[in-house]
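Could you build all of it, start to finish, from the sequences and the hints given here?
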Amino acid sequence: MQLDGKVPGGPLEAKWDRHRFELKLVNPANKRKFNIIVVGTGLAGGSASATLAELGYNVQTFCIQDSPRRAHSIAAQGGINASKNYPNDGDSIRRLFYDTVKGGDFRAREGNIYRLAQVSENIIDQCVAQGVPFAREYGGQLANRSFGGAQVSRTFYARGQTGQQLLLGAYSSLSRQIAVGKVKMYTRREMQELVLVNGQARGIVVRNLINGELESYAADAVVLATGGYGNVFYLSTNAASCNVGAAFKAYRKGAFFANPCYTQIHPTCIPQSGHFQSKLTLMSESLRNDGRVWVPKNKGDKRKPNEIPESERNYYLEIKYPSFGNLVPRDVASRNAKEQCDAGYGVGETGYAVYLDFADAIRRDGKDVIQKKYGNLFDMYANISGDDPYQTPMMIYPASHYAMGGLWVDYNLMSTIPGLFILGEANFSDHGANRLGASALMQGLADGYFILPYTIGGYIAGTSLPRLNTDHAAFKEAAADVKANVERLMSIKGNRTADDLHRELGEIMWNYCGMGRNEEGLSKAVTLIRNLRDEFWQNLLVPGSDQDYNLSLQKAGRVADFLEFGELLAVDALARKESCGSHFNEAYQTEEGEALRDDENFCHVSAWEYKGFGNEPEFHKEPLVFENVKLTQRSYK
Amino acid sequence: MTQDAKTINITLKVWRQKGPGVKGKLETYQVNNISTHMSFLEMLDVVNEDLAVNGKEPIEFDNDCREGICGMCGAVVNGAAHGPGKGMTLCQLHMRKFQNGDTIVVEPWRARAFPIVKDLIVDRSALDRIIQAGGYVSINAGGAPDGNAVPIPQEIAEKAMDAAACIGCGACVAACPNASAMLFVSAKVSQLALLPQGKPEAAKRALTMLRQMDDCGFGNCSNERECEAVCPKEISITNIARLNREYLKAGFFSEFK
Ligand SMILES: Cc1cc2nc3c(=O)[nH]c(=O)nc-3n(C[C@H](O)[C@H](O)[C@H](O)COP(=O)(O)OP(=O)(O)OC[C@H]3O[C@@H](n4cnc5c(N)ncnc54)[C@H](O)[C@@H]3O)c2cc1C
Ligand code: FES
Chain G
1 MQLDGKVPGG PLEAKWDRHR FELKLVNPAN KRKFNIIVVG TGLAGGSASA
51 TLAELGYNVQ TFCIQDSPRR AHSIAAQGGI NASKNYPNDG DSIRRLFYDT
101 VKGGDFRARE GNIYRLAQVS ENIIDQCVAQ GVPFAREYGG QLANRSFGGA
151 QVSRTFYARG QTGQQLLLGA YSSLSRQIAV GKVKMYTRRE MQELVLVNGQ
201 ARGIVVRNLI NGELESYAAD AVVLATGGYG NVFYLSTNAA SCNVGAAFKA
251 YRKGAFFANP CYTQIHPTCI PQSGHFQSKL TLMSESLRND GRVWVPKNKG
301 DKRKPNEIPE SERNYYLEIK YPSFGNLVPR DVASRNAKEQ CDAGYGVGET
351 GYAVYLDFAD AIRRDGKDVI QKKYGNLFDM YANISGDDPY QTPMMIYPAS
401 HYAMGGLWVD YNLMSTIPGL FILGEANFSD HGANRLGASA LMQGLADGYF
451 ILPYTIGGYI AGTSLPRLNT DHAAFKEAAA DVKANVERLM SIKGNRTADD
501 LHRELGEIMW NYCGMGRNEE GLSKAVTLIR NLRDEFWQNL LVPGSDQDYN
551 LSLQKAGRVA DFLEFGELLA VDALARKESC GSHFNEAYQT EEGEALRDDE
601 NFCHVSAWEY KGFGNEPEFH KEPLVFENVK LTQRSYK
Chain V
1 MTQDAKTINI TLKVWRQKGP GVKGKLETYQ VNNISTHMSF LEMLDVVNED
51 LAVNGKEPIE FDNDCREGIC GMCGAVVNGA AHGPGKGMTL CQLHMRKFQN
101 GDTIVVEPWR ARAFPIVKDL IVDRSALDRI IQAGGYVSIN AGGAPDGNAV
151 PIPQEIAEKA MDAAACIGCG ACVAACPNAS AMLFVSAKVS QLALLPQGKP
201 EAAKRALTML RQMDDCGFGN CSNERECEAV CPKEISITNI ARLNREYLKA
251 GFFSEFK
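Heads up: the sequence lines are chains G and V, in that order.
For the first sequence, position 291 matches number 291 in the numbering used here, and the numbering has no gaps at all.
For the second sequence, position 135 matches number 135 in the numbering used here, and the numbering has no gaps at all.
I should point out that these hints are in silico values taken from the structure, not numbers from a laboratory.
Here the structure is a predicted model, which means the values were calculated and not measured.
A hint or two may mislead.
Claimed, not checked - What follows is a list of derived Cβ distance ranges for each label pair:
id: 1; chain 1: V; residue 1: 6; chain 2: G; residue 2: 309; range: 48 to 56 Å
id: 2; chain 1: G; residue 1: 375; chain 2: V; residue 2: 241; range: 21 to 29 Å
id: 3; chain 1: G; residue 1: 471; chain 2: V; residue 2: 55; range: 39 to 47 Å
id: 4; chain 1: V; residue 1: 154; chain 2: G; residue 2: 535; range: 51 to 59 Å
id: 5; chain 1: V; residue 1: 225; chain 2: G; residue 2: 467; range: 36 to 44 Å
id: 6; chain 1: G; residue 1: 467; chain 2: V; residue 2: 18; range: 39 to 47 Å
id: 7; chain 1: G; residue 1: 535; chain 2: V; residue 2: 32; range: 24 to 32 Å
The beta-carbon is built from N, C-alpha and C at its ideal position, and this holds for glycine as well.
Put into structure tokens, the structure is as follows:
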């Protein structure tokens with residue numbers, strides 16, 4: 001089946017305007033007759049819940065954490081892009097659009113990206129109005145910086161806590177709507193099933209994480225804003241509860257999963273230091289503005305970094321990419337670090353780390369300037385590693401960070417299931433095969449504040465939605481399925497915890513589906529994952545009971561989904577016989593070792609349809625058409 | 001890591017409590033061969049893995065980001081909220097802060113407004129209710145003026161950011177002898193009172209948030225400064241002074257009473 005993204009016709013600049021005009025409207029007085037479920041309170045879900053409630057809809061919102069303010073968006077550090085062109089350095093909607101298309105290696109929809117660039121400006125205005133304390137210049141104007149290799153300064157930030165401040169802004173708007181009763185907030189709930197009635201998304205079943213009870217909720221439309229699946233690698237920069245569960249349940253019910261193999265590996269994370277490691281901490285990309293990446297020229301050089309003379313250091317990014325140097329995009333920086341380490345030049349105890357050195361920057365600008373810029377990051381590094389980065393270079397290594405893939409959505413952000421909308425990192429839409437720094441926050445808030453609130457109205461106004469409640473048989477069936485699944489997990493009583501099995505899955509994913517992929521490895525991954533899945537269902541150990549708070553049980557459910565999803569990721573990677581952005585298939589590279597796209601055969605979105613447990617999913621294609629940007633080979637030389 | 005890892009043995013005493021109404025007690029665990037590179041929570045992971053495979057129930061504790069920003073984690077460690085590290089959350093604390101042979105006592109936040117859920121997990125929804133009472137600027141999406149329409153002096157933006165850095169973990173409440181949430185309330189009131197966007201509602205906000213704080217069962221502030229000492233984001237009690245000023249102003253506007 002060929003998928004239609006439903007991007008409106010007409011000139012790029014006019015598409016969104018035209019679409020908004022053509023969308024049917026819900027009469028203001030009628031909005032309060034409609035109920036909408038939003039799962040997730042990150043930037044995407046938080047902003048969507050608040051905005052839908054402001055428009056008059058009745059909203060029921062759910063999250064895993066004890067408060068909506070703790071969604072994983074809170075951890076974003078670096079900033080948020082917008083094409084405001086305040087610094088007068090030549091930015092524009094078109095330039096942000098162009099950079100995003102190119103950064104994504106020409107694997108996303110032009111129409112969506114242009115809209116994203118258009119609304120980026122409203123986002124900043126909205127956040128300022130909420131009281132988000134963005135960094136300011138002395139004159140009181142908003143400050144901007146260049147981020148992740150952008151040639152213009154379009155990134156807005158609030159110290160190293162941009163995600164926190166934006167999320168608290170959305171949370172404050174959400175709180176205001178909770179107070180007036182337009183949003184009913186359900187915390188410590190985990191969505192376990194999507195409920196369809198007559199093929200439409202009409203509700204969910206959640207597990208109350210405090211007492212284990214299953215609860216059903218009905219609505220006229222369901223919005224998933226449940227974040228990304230980076231934790232399929234076990235070790236990642238994501239928070240512990242980040243999962244693929246909600247998205248995967250929707251996939252099982254018929255929502256197509258798009259481009260699962262596009263996973264971003266962030267180049268600057270603190271390397272793993274032992275088996276016990278539970279997460280990898282991101283060191284903001286902004287560090288690459290001043291830090292220089294290098295490895296020793298001699299393999300296995302065990303000298304302290306400061307004892308290695310200049311002439312014996314290989315500043316491989318600066319040498320290989322003279323024009324972008326240390327600021328090449330994430331995928332390029334990550335792959336090069338891996339290449340150096342695989343070749344035996346890595347440093348640190350494990351040999352899987354490279355140096356990020358600030359000595360020159362400190363010499364040039366003085367310690368004070370560097371401290372002012374990066375003080376809290378340096379402190380964070382020193383606390384975790386025990387080393388002082390003012391004295392000795394940081395050690396960094398790539399880690400799983402972001403999921404470009406996600407549930408397939410059309411221009412309205414609706415999945416292949418009518419009435420099921422997907423926002424934020426959970427959808428696949430805007431970043432193609434590689435996301436640019438500071439663009440995830442922009443996309444999450446664009447979806448939630450400025451896109452979904454219009455498009456969902458179009459759906460509701462144009463669809464027949466018979467009244468129903470949770471007495472409907474579909475809810476009873478869904479709840480029974482969930483109950484059976486929980487009982488199954490509890491009853492195995494084997495001897496391996498979910499964490500233990502998850503760690504093993506992570507190793508498989510990292511070794512065979514990570515930064516460098518090949519057919520042999522990917523096929524091997526499929527077999528290994530299947531075996532591990534069998535092991536899981538035979539040997540899982542869930543301690544405690546399912547009647548009270550039990551984190552081990554929560555984790556077991558999430559790992560079960562990751563074990564199926566991991567295979568889907570590998571299958572998708574196998575099917576994409578080209579290299580593009582974050583997906584690097586070693587068989588497809590230029591002579592210089594750069595990703596080699598095959599636009600003839602792979603200029604499309606791959607969307608997968610579930611065909612039952614253990615069966616091959618069915619492949620569907622959405623061709624990508626580029627009318628405004630010429631397909632070129634990315635070059636950062 | 002260049003700094004050499006050591007391993008240490010410790011004695012853990014952890015508060016175990018099945019659920020809200022039940023009696024809890026400290027249980028003792030001997031924990032050996034802990035790498036000093038581990039974070040405190042990774043040490044608890046190791047203990048939990050061991051408990052699980054030995055047929056016992058793991059220690060439940062809240063955590064998510066494990067990098068000091070989500071505000072989910074927190075426990076009183078050897079009498080200090082978030083433990084002995086200064087300006088950091090429990091998840092940022094590393095085992096190199098401890099010595100071989102140490103005894104470490106771990107207890108949940110204790111406050112009337114934070115009922116215990118299980119073991120080290122408490123219910124902090126009262127903090128959300130305080131924000132719902134007024135911790136926002138009343139503005140709908142759409143129609144906001146240009147972000148640069150109102151200049152904000154850099155030092156004001158910085159001060160607002162200092163206050164806005166609060167992660168809502170509740171350590172201030174746990175450390176306060178009166179279990180007051182004054183630092184938490186003052187951080188939000190200050191952030192918004194400092195910024196032009198928050199000024200129109202500043203006085204009313206101070207009043208409604210404080211009223212909600214009382215209703216939730218938090219105590220009053222008697223200037224003990226324990227909150228400031230444990231705050232992982234080092235939020236200053238000068239914010240409490242600012243809150244008091246806003247509160248006094250509110251007193252002049254009878255319509256808010
Ligand atoms: C360390 C770090 C730094 C980053 N820095 C930046 C940056 O500087 N700039 C940038 O643009 N991007 C950055 N990113 C990426 C960005 O933060 C995320 O992509 C984005 O915040 C995702 O937002 P979201 O709303 O889609 O999902 P999330 O914020 O992940 O929220 C997911 C929500 O869904 C809920 N949920 C999930 N599953 C379920 C379920 N089954 N049932 C109920 N609820 C569920 C969760 O409780 C949560 O509320 C960073 C990411 C990381 C990890
Ligand atoms: S787990 Fe997020 S602050 Fe500690």
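Hint-by-hint comparison with the structure:
no.	hint	in the structure
1	V:6 <-> G:309: 48 to 56 Å	32 Å, violated
2	G:375 <-> V:241: 21 to 29 Å	26 Å, holds
3	G:471 <-> V:55: 39 to 47 Å	41 Å, holds
4	V:154 <-> G:535: 51 to 59 Å	57 Å, holds
5	V:225 <-> G:467: 36 to 44 Å	57 Å, violated
6	G:467 <-> V:18: 39 to 47 Å	42 Å, holds
7	G:535 <-> V:32: 24 to 32 Å	28 Å, holds
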